[in-house]
Every structure is written in structure tokens, then in C-alpha cells.
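**Q** Here's the letter readout for the chains.
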Amino acid sequence: MSEANASATRITPGNALRPEDIALQDAKPADAVARYALGLGDDALILAQRLGWWISRAPELEEDVALANIALDEIGHARSFLTYAGRAWDKTEDDLAYFRREPEFRSVHLVEQPNGDFARTIARQFVVALYQWELYSRLVHSSDPTLAAIAAKAVKEVDYHRDHATQWVLRLALGTEESRRRMIAGLRLTWPYVEELFTDYPLIDEVGDAGVRPSELRESFDSAVRTVLTEAELEVPAVPGAVGGGRLGRHSEHLGYLLAEMQVLAREHPGASW
Amino acid sequence: MTGGSTTGDDGATAPSSGLHEERAAWPLWEVFVRSSRGLSHVHAGSLHAPDAEMAVRNARDLYTRRNEGVSLWVVPASAIITSDPDAKDAFFESPQGKDYRHATYYTKSEGVKHL
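Residue numbers (my numbering), protein chains in the order written: chain A, 1 to 274; chain F, 1 to 115.
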């Protein structure tokens with residue numbers, strides 16, 4: 001997460017909106033829009049940190065790279081959202097990522113849940129990707145042009161994440177007895193955190209047309225879930241929802257440990273670059 | 001806390017090497033990428049994947065990360081028939097010395113325009 005994104009191996013970046021461009025633009029988001037962007041950015045950041053754990057640990061080298069690519073996509077979205085949010089408060093993406101405390105993070109509980117085995121990670125990916133796709137495909141119509149532009153880039157990448165997770169849900173569910181057992185267990189452990197994704201929170205009323213109301217996404221999400229789970233010969237888990245509150249800064253026991261690992265280097269060596 | 005990581009799940013352990021050996025390996029696939037300016041697909045490398053659908057996805061993840069391509073082919077490595085390296089002489093030496101198969105071998109006839 002530094003300005004040194006220029007890479008010799010990047011051949012044609014195309015016209016994609018980059019965090020560096022957002023940092024340079026004049027537009028400052030309204031405070032409510034910035035806080036909204038912060039929540040979406042935190043979702044992407046925490047998920048990316050979780051996914052990064054799989055590097056060198058996935059079942060196959062190819063899957064290592066697949067999960068790492070998804071993590072890097074999410075880091076990209078986080079950088080854009082946090083850079084834009086930070087403009088409202090004269091903070092950089094790094095200030096927000098590395099120097100906030102746990103209660104200041106606005107991510108949902110789902111993304112901070114442990115990786116578990118591969119099936120549990122796939123279950124979490126499945127839910128996150130479907131949710132983010134529903135969200136970003138509407139956020140492209142945001143009245144805030146920067147949020148719309150970030151969403152326009154993100155929605156294409158998340159479309160692939162959706163496909164990746166779907167393919168694995170199908171293969172694990174219809175694979176061996178053991179893979180099916182693990183897929184079912186993974187979905188059961190993940191499902192309590194679905195409800196929070198679609199719960200409206202007070203900030204949404206302030207954001208207005210710049211944002212997307214979470215409750216409006218639920219129907220399409222459920223329908224997309226049903227399509228895949230039916231093909232996988234699985235039931236939607238009937239489990240009660242967990243206590244949410246991530247958007248208000250209330251988190252589960254897992255986030256503190258994750259942040260400690262994610263932030264330690266930047267805090268030990270402020271301003272370091274590599 | 002085990003494994004020295006707080007972001008992973010402590011209950012999850014990487015498959016032991018023993019498990020790895022017992023499991024049937026994923027088949028090998030050869031990957032061909034067509035770049036945006038390229039006219040044909042060019043062999044880029046190989047990868048492992050459980051089936052064709054995952055192979056094309058893994059190819060996307062492994063071989064198009066730096067904007068290399070706009071189209072992908074994957075082919076089961078077992079479906080590729082190769083020439084025999086030991087028969088190199090019999091296969092490939094014959095064209096040597098047959099310069100008349102190249103247009104540059106010929107001298108232009110007098111009076112021929114636009115060549």
C-alpha cells in the first residue's frame with residue numbers, strides 16, 4: 001500500500017481508475033460518503049488480509065495464485081475506497097489501514113472470520129463475492145462519480161471472484177464424501193454472518209443516492225445463492241444470524257489479532273517503504 | 001496460537017506430505033495465450049487442474065496476470081502428440097541445402113516489374 005505501484009511488468013494499465021489518481025483529484029467526499037466508502041474499503045482490506053494467509057498453503061500451487069490474485073483485487077478496491085475516504089479527513093490510505101484501532105474499523109464480521117479449511121474459505125468467498133457483486137453492480141449508478149468509478153472497476157473483478165467461488169462450491173459439494181461434508185460445514189459456519197451484510201445502518205440514510213441500501217440487495221443475493229446451491233444439491237443453511245455491528249465498529253474476537261499482524265510492521269517502522 | 005500466524009485458522013493445518021502423496025495428482029494442461037496484438041495463440045506454459053473448466057481459470061490466473069492475453073486455450077498435455085526427439089535428423093535435416101524452397105534463391109528475370 002504505497003505510491004510505488006509503478007511496476008516494470010505492468011504492460012498496459014488501460015484506463016482503470018487507480019488510487020494514485022483518486023489521491024490527486026480535487027473532489028473531496030462529503031463526510032457521510034467518506035464514512036460509507038470507509039466501510040466498503042475495510043471489507044475489502046480485511047478480506048484481502050485473510051486471503052493472503054493462503055499463499056503457500058492452498059491445496060495446489062495454482063489455487064495459491066488464484067486466491068492471491070483475488071486478495072490483490074480486493075487490496076486494489078480497498079486502496080481506492082480508503083484513498084477517497086481519506087481525502088475528507090486529510091489522511092492517506094496507509095494512515096487509515098495501519099493507524100486506526102479496532103473500534104475504528106467499519107468492516108462487516110464476515111470478512112474477519114477465520115479461514116478454516118479450504119471449504120470454509122470458499123464458503124466465505126462465495127458469500128462475499130455474491131454480495132459484493134450485487135453491491136458494486138448497483139454502486140456504478142452512484143450519484144458520487146468517484147464511488148461509481150471505483151465500483152465500475154471492482155464489479156468486473158468481483159464477477160470473476162463469484163465464478164471462482166461457484167466453481168469450487170460445485171466441485172467440493174459434488175466431489176467426494178469428505179469434500180461434501182467440509183463444504184456443508186463451511187457454509188454452516190459462514191451463514192450466521194450473512195444477515196449483517198443486508199442490514200441497513202443509520203449512515204445509509206445520510207449517504208442517500210451516493211450509496212446502496214443493503215436491504216435492497218437481499219432478494220437478488222438469495223436468488224443467486226439458491227441457483228448455485230441447488231446445482232450443488234445443497235440446502236441454504238438454516239442457522240440463526242450472529243450479532244452484527246461491524247459497521248458501527250463492534251467486532252468479533254478475531255479482528256484484533258488480524259490487525260495486530262497486519263499493522264505491526266507499519267507501526268514499528270512508520271513511513272518505511274520497500 | 002499455533003503456526004505463528006494470527007490471521008489463519010488455528011484449527012486448519014496444511015495437508016501433510018503423506019496425504020499429498022496418496023492423493024491422485026491433478027492432470028497436466030498446456031496453455032496457449034493470444035495477446036491483444038497477436039494473431040495466433042502462443043504456448044505460454046503448463047499447469048495442473050482437476051478438469052477443463054478449472055484449467056482455463058487457472059490459466060487466466062497464472063498466465064494473464066500482467067495483461068498478456070485476450071484469449072486462452074488449454075489442452076490436456078496427454079492429448080498432444082510430439083515429434084520424436086531421437087528422430088530429429090530424419091525429420092528435420094532434409095530441408096537443409098534445399099535453398100530453392102526459399103524465394104530469395106531465385107534471381108529476378110529481366111523486365112519483371114513490381115517484384
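Everything labelled a hint here was simulated from the structure, so no lab data went into it.
Any given hint might turn out to be false.
[Claimed, not checked] Which residues of chain F face chain A? A few of them, derived with a C-beta cut under 7 Å, are:
1. Leu47
2. His48
3. Asn58
4. Val70
5. Glu93
[Claimed, not checked] Counterexamples of contact, computed for chain F against chain A with all Cβ distances above 10 Å:
6. Gly38
7. Pro85
8. Asp86
9. Asp89
10. Ser94
11. Leu115
[Claimed, not checked] Okay, the calculated bits of chain A under chain F, using three or more residues with CB under 8 Å as the criterion:
12. 65-79
13. 164-171
Predicted model, so just to flag it, every value in this text is computed and none were measured.
Every residue, glycine too, gets a C-beta built ideally from N, C-alpha and C.
**Q** Evaluate the condition: distance from the CB of Pro85 (chain F) to the nearest CB of chain A exceeds 10 Å.
**A** 27 Å, holds
**Q** Report holds if the minimum CB distance from Gly38 (chain F) to chain A is greater than 10 Å, and violated otherwise.
**A** 13 Å, holds
**Q** Taking beta carbons only, do three or more residues of the stretch 164-171 of chain A come closer than 8 Å to chain F?
**A** With 3 residues closer than 8 Å to chain F, the stretch 164-171 of chain A meets the three-residue bar; holds.
**Q** Please settle this one: Asp86 (chain F) was flagged as non-interface, so is its CB more than 10 Å from every CB on chain A?
**A** At about 32 Å from chain A, Asp86 (chain F) clears the 10 Å cut-off, so the statement holds.
**Q** May I ask you to check that Asp89 (chain F) keeps its beta-carbon over 10 Å from the closest beta-carbon of chain A?
**A** At roughly 38 Å from the nearest Cβ of chain A, Asp89 (chain F) sits farther out than 10 Å, so the non-interface label holds.
**Q** With a cut-off of 7 Å on the beta carbons, see whether Glu93 (chain F) makes it to chain A.
**A** Hint violated; Glu93 (chain F) Cβ to chain A Cβ min 39 Å, cut 7 Å.
**Q** Identify whether the interface hint at His48 (chain F) stands, where standing means a beta carbon of chain A within less than 7 Å of its own.
**A** Holds, about 6 Å.
**Q** Would the hint on Val70 (chain F) stand, with a C-beta cut-off of 7 Å toward chain A?
**A** 11 Å, violated
**Q** Does the nearest C-beta of chain A fall within a distance shorter than 7 Å of the C-beta of Asn58 (chain F)?
**A** This hint holds: Asn58 (chain F) lies near chain A, its Cβ roughly 4 Å from the closest one there, short of 7 Å.
**Q** So Leu115 (chain F) supposedly isn't at the interface. Is its beta-carbon more than 10 Å from every beta-carbon in chain A?
**A** 39 Å, holds
**Q** Using Cβ atoms only, decide whether Leu47 (chain F) comes closer than 7 Å to chain A, and label the hint accordingly.
**A** 5 Å, holds
**Q** Does Ser94 (chain F) sit more than 10 Å from chain A, CB to CB?
**A** 40 Å, holds
Checked against the numbered hints above, the structure breaks hints 4 and 5 and satisfies the rest.
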